[in-house]
Amino acid sequence: MAPLLEVRGLSKQFGGLAAVAELSFTVEPGSIVGLIGPNGAGKTTVFNLVTGQLAPTAGEVRFNGRKITGLAPYDIARMGLVRTFQSTVLYPESSVLENVLRGCAVRSRVGFWSGLVGSRAAAQDVAETHARALDLLRFVELDGVRSEAARNLPYGHQKALGIAIGLATRPELMLLDEPVAGMNPEETARTAQLIRRVNEGGTTIVVVEHDMSFVMGLCRTIVVMNYGRKIAEGRPDEIRNDPAVIDAYLGVDEDAAAQGA
Amino acid sequence: MLTEVSIAQILVNGLTSGSFYVLMALGFTLIFGIMRLVNFAHGEFYMLGAFVVYHLYGRLHLNFFLALAASAVTVAALGAIVERVIFFPLRSRELSMLMSALGLQIALQGIIAVTEGVEALSLPAPVSGVYHSRWLIFPYDRLLVVAVTAVVLALFYAFITWSKFGQALRAVAQDAEAALMQGIPVNRVYTLAFAIGCALAAIAGGVIAPVFSLHVYMGQAAILKAFVVVILGGLGSVPGAVVGGLVLGLAESVFASLFGVLVSDMLGFLLIMMILLWRPFGLLGRATA
Amino acid sequence: MTERRESGGARVLRGPVLAALLILALFVPWMFENQFGLYLLDMALINAMIALGLNVVLKTGQVSMAQAGFMAMGAYTSAQLTVKLDVPFLVGFVAAGLGAALVALALGRIILRLKGVYFLLFTFALNEFLFLLNKNVPALTGGNDGVVGIKPPTIPFLAEPLRSKAAFYYLVLVVVALALAFVWALYRSPFGRAMDAVRESELLAAATGYNPMRIKMIAFSIGCLLAGLGGSLYAHFLLYIAPFSFTFWESVNFLLMNIIGGSTSLAGPILGALMLTPLPELLRAYVLWQQVLYGLTFMVFMRFLPDGMTPLCVSAWRAAAGRLGLQAGEPASDPRSGS
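Residue numbers (our numbering), protein chains in the order written: chain A, 836 to 1096; chain B, 2 to 290; chain C, 3 to 341.
Don't read these hints as lab results, they were simulated from the structure.
Heads up, some of the hints might be wrong.
[As the list claims (entries may be wrong)] In silico SDA-like cross-links for lysine to any residue, where the CA-CA straight-line distance does not exceed 20 Å:
1) K86/C / P163/C
2) K86/C / K137/C
3) K902/A / Q888/A
4) K117/C / R94/B
5) K117/C / E95/B
6) K117/C / L263/B
7) K117/C / S93/B
8) K137/C / E95/B
9) K153/C / L142/C
Let the hints inform the model, and build the full structure from the sequences given.
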């Protein structure tokens, strides 16, 4: 089966600093891939490059065989590749339901003029979108707070809403940027369950995370980065024992010990 | 036309009006740099400064420089009050702050129009006399403006670099959150910055008023120039205001002698639009968030 | 909070209320004894049209200070076409709108990528530049003297041009009603949802498939289209236009109308225009105090009433309707807390 996402020789230079250097990996359809590495390894930059928020200095990205490097974020999202953000990005003043409706709207096939005059097709589309949004809210267990303003939600619910909005666009591939950052073990387990359910529904996932047990428990393939480069790739048990990986994480601790303590 | 006016004259005219512009734009860019506020009311503080000087120096015959200093202090105090009452509650809402500045501009102009009338008033020049030579003619009162600008810049530089307040200002301009965590009283810094900005506007108004006449609407023309200068040099950049002011002064002088004054007015706004599109952070500014 | 059902203002204006207002509107000219009141009403409706246009632009999160400039484009286009080229009013009217919209489309491509305050500053400079242009190009605009002798509007199936203020009133009423209907439909449509999304978070909107540039360009063009049409109406109402009618302060006025009326609902710009247009006349004896009042009002609204007057009017209406036992749409729930 052809890979869903191919990253080939991706590089990004910021002045003299190489945030990402010649990164290559693939993502098979239906899988859950983890992208890990010490702080500053370049993981979020990779997401920004893949989704078109940043232009790479070299290399290319292919999605479903099509080259997507250089496309605008909205084009890439429409193709079925969507991401969530590390610092939760929502529509703060709008209700939870409205947030999800905006994600759904992108998939509607009603044209500008048809929507304007309120044709029967448009009305039907509105009803279908509404139903789909409610389904999504039930799926992430947020339908109870559907009228609450997004900025009033507790942190964990905001993260779930972010995932729901992404799901609303009916993606083939979702990139989740630190979905359980700052969560307690209970919330983390719930989010892991949610992500598994999303994956079982047919969406391929790539997760960036720092929580090791979360990543090891969830992902079937893990890619490890350090200083912008890939240093290891494989199954969780392979990664756990990989000397390069241990070195990267231990090295961080050693540096901290030498400087600070 | 070029043959009638010497190149030296064009240069000198450009540099003197450039100094006017620098003085006017300094406070404006400072307030934007620290508070991210486009202070539409800047022209009215400029005008207020001129009126205080008019009363102290023109009517009460106080020494000109004393009047200038008193004006700066008075307007600074007013600015501090305004900042606390009007802008502080709106700190997180950038657009609302901007609209409020607009409202303040309208209100201040109205108040002064009621209390001082709308007539143009004139002030005697603090220094009189004209420099004559074969190639150059310029009055000494304009030279005074250049001198004051230079002194103000020097004082400001000293303040920013060496005083505790100045360093606090720099810290807040760079990163307000980080400054807060370092224990710098950011709110008080904002008030101070606004007050200083108003003081600079007042000095500009006070020193320019004897050169041209003063009237309640003089702030309008001033702020338009300040806009051009600050966008040219970069919103928030003090060196940028200096460069921008001089560049604008020179460009206008050249254009005016070639094409006339009307075209040079349009030049200013054309420049703003082009700069905003090509390099929104101006010639010297940085692309900050 | 933005709930996508109709805002409070629209909820009140349902069925019977709307019908009653429309019928009332038809009889308005008879209610005015003096011509001056009718003059103010006509001007208010013209301003409402342009303020409505600004509302469309504001809905995508862009604050334009050039609305008066686009109004000027429409006014001069319509005026010169009808005066110099003897073109019929309707052609001038349509050309005014289309011309302004096309300029907006062309400019929008380059300026709508400017964020927040930079866009505002650009439109400010643009407005000033256009103002100076109007003054300095007599061949095109008549320079400082402006354009005189503009003819009142002529409608194809009417023999006489609309010379009276009452006749003009019906024309503006129809135009504004059509514009309102269009914008209302726009805001309720999927495109309206897209506009809200782009305003609230351009980042998220783009990341989930909305094309922010396209949405902002369409909104900006519609907003300037309405400004151009309003400009044409202005020219054919006053029969004389000059550069001083289209300064930055006029642009500020349109913004103020949206702020005071409330930019979150459609009734806002209309309400704002109806309130602000007569003000200079009512306070004519106290022009300077009027200015102070303006400025203070601005500041008070920004601080305490960021959503403008509409929520207050809606609550007042509901309270009154409740006491009279009238049905006023759905049961009271503050649109901001939603239910």
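Each hint tested on the structure:
In summary, the hint linking K86/C to P163/C is supported, as the alpha carbons are separated by about 18 Å, within the 20 Å threshold. For the proposed pair K86/C and K137/C, the alpha carbon gap of about 18 Å is at most 20 Å, so the pair holds. Distance hint between K902/A and Q888/A is fulfilled; the C-alpha atoms sit about 15 Å from each other, no more than 20 Å. Among the hinted pairs, K117/C with R94/B is consistent with the structure: their alpha-carbon atoms are about 15 Å apart, no more than 20 Å.
Distance check on the hinted pair: K117/C and E95/B sit about 12 Å apart at the alpha-carbon level, within 20 Å; holds. Only pairs whose Cα atoms come within 20 Å are accepted, and K117/C paired with L263/B is rejected, the gap being roughly 31 Å. Restraint check for K117/C and S93/B: the C-alpha separation of about 17 Å stays at or below 20 Å, so the hint holds. This hinted pair does not check out: K137/C and E95/B have alpha carbons roughly 34 Å apart, beyond 20 Å.
About 18 Å separates the Cα atoms of K153/C and L142/C, which keeps this hinted pair within 20 Å; it holds.
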